Amino acid sequence: ETGVTQSPTHLIKTRGQQVTLRCSSQSGHNTVSWYQQALGQGPQFIFQYYREEENGRGNFPPRFSGLQFPNYSSELNVNALELDDSALYLCASSLGGAEGTQYFGPGTRLTVL
Amino acid sequence: QKEVEQNSGPLSVPEGAIASLNCTYSDRGSQSFFWYRQYSGKSPELIMFIYSNGDKEDGRFTAQLNKASQYVSLLIRDSQPSDSATYLCAVTGGRDDKIIFGKGTRLHILP
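Protein chains in written order, with our numbering: chain B, 1 to 113; chain L, 1 to 111.
Worth double-checking, as some hints may not be accurate.
Looking from chain B toward chain L, a few residues come up when the C-beta cut is under 8 angstroms (computed) [to be verified]:
(1) G42
(2) G58
(3) T101
Covered by chain B, according to a simulated footprint, are these stretches of chain L (three or more residues, beta-carbon under 8 angstroms) [unchecked claim]:
(4) 39-49
(5) 99-105
Calculated lysine to aspartate or glutamate pairs in the DMTMM-like style (CA-CA distance at most 25 angstroms, straight line) [to be verified]:
(6) L/K42 with B/E82
(7) L/K56 with L/D27
(8) L/K2 with B/D85
(9) L/K56 with L/D83
(10) L/K42 with B/E75
(11) L/K67 with L/E5
(12) L/K103 with L/E3
(13) L/K42 with B/D84
(14) L/K103 with B/D85
Calculated directly from the structure, the hints in this document are not laboratory data.
Keep in mind the model is a prediction, meaning the values are calculated, not measured.
Each residue gets a CB set at the ideal place from its N, CA and C atoms; glycine is no exception.
Work out the full structure, taking the sequences as your base and the hints as a guide.
Below you can see the structure in the form of structure tokens.
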């Protein structure tokens with residue numbers, strides 16, 4: 001069984017740039033959720049994709065967008081990067097939408113300068 | 001606004017003792033409750049989930065849920081130095097089905 005993978009592991013961008021983060025879900029899982037975790041905080045829910053459709057969104061502006069592919073892998077795109085976007089971005093996969101138990105990938109550490 | 005509250009700690013517990021971690025939640029409609037362990041610089045790792053009132057045991061870990069009091073806890077028996085980490089409580093299944101995490105409790109097991 002393949003676990004959740006994310007790429008890249010680390011990324012440095014400058015303010016105003018755009019970034020794309022990628023996630024491959026665990027084998028057999030059809031749901032991917034994205035979280036932002038600032039230092040010393042719990043993960044904050046960005047959005048969830050279930051069978052290629054957005055299935056819920058947290059309190060993040062529209063410059064945070066995503067998609068899910070037919071193989072259930074997913075991308076998180078962030079436009080017009082701000083300094084406060086510096087955080088650990090976590091992807092979690094699960095089976096069956098919002099009800100499923102979520103398993104996290106290793107995360108992508110984004111630094112915005 | 002749904003909230004999940006945890007004491008940030010650090011909670012210091014002697015090796016071999018029982019560590020007790022607590023979490024309260026605001027949405028009475030919440031149905032699923034999770035405990036994750038997160039080592040510094042790593043991603044959260046699922047320890048346990050609980051759906052029904054009462055206790056659920058898995059090895060050295062016991063999750064306790066009291067929906068009337070909107071309270072969920074995690075007990076770690078025979079604490080080991082490797083248990084030193086941040087423990088995140090997560091709640092879902094309420095009005096909007098979003099999963100909400102607490103800020104986590106830092107646990108330090110004293111050798």
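To see whether the hints hold, each was checked on the structure:
Residue-level restraint check for B/G42 holds (minimum Cβ-Cβ distance to chain L is 4 angstroms; threshold 8 angstroms). Using the Cβ-Cβ criterion of 8 angstroms, the hint placing B/G58 at the interface with chain L is satisfied: the shortest such distance is roughly 6 angstroms. Hint status for B/T101: holds, given a least beta-carbon distance of 6 angstroms to chain L, under 8 angstroms. With a threshold of 8 angstroms between beta carbons, the proposed coverage of the stretch 39-49 of chain L by chain B holds, since 6 of its residues qualify and at least three are required.
By the rule of at least three residues with a Cβ nearer than 8 angstroms to a Cβ of chain B, the coverage given for the stretch 99-105 of chain L holds, with 6 such residues. Taking the CA atoms of L/K42 and B/E82, the gap is about 24 angstroms. The hint holds against a cut of 25 angstroms. Taken as a hint, the L/K56 and L/D27 pair is honoured in the structure, with Cα atoms around 22 angstroms apart against an allowance of 25 angstroms. For the proposed pair L/K2 and B/D85, the alpha carbon gap of about 23 angstroms is at most 25 angstroms, so the pair holds.
Only pairs whose Cα atoms come within 25 angstroms are accepted, and L/K56 paired with L/D83 is accepted, the gap being roughly 19 angstroms. Straight-line distance between C-alpha atoms of L/K42 and B/E75 comes to about 20 angstroms, which keeps the hinted pair within the 25 angstroms bound. Restraint check for L/K67 and L/E5: the C-alpha separation of about 15 angstroms stays at or below 25 angstroms, so the hint holds. The straight-line distance between the Cα atoms of L/K103 and L/E3 is roughly 10 angstroms, inside the 25 angstroms bound, and the hint therefore holds.
As the CA atoms of L/K42 and B/D84 are separated by approximately 20 angstroms, the hinted pair is consistent with the 25 angstroms bound. At most 25 angstroms may separate the alpha-carbon atoms for a hinted pair to count; L/K103 and B/D85 meet this at roughly 18 angstroms.
When held up to the earlier numbered hints, the structure conflicts with none and fits them all.
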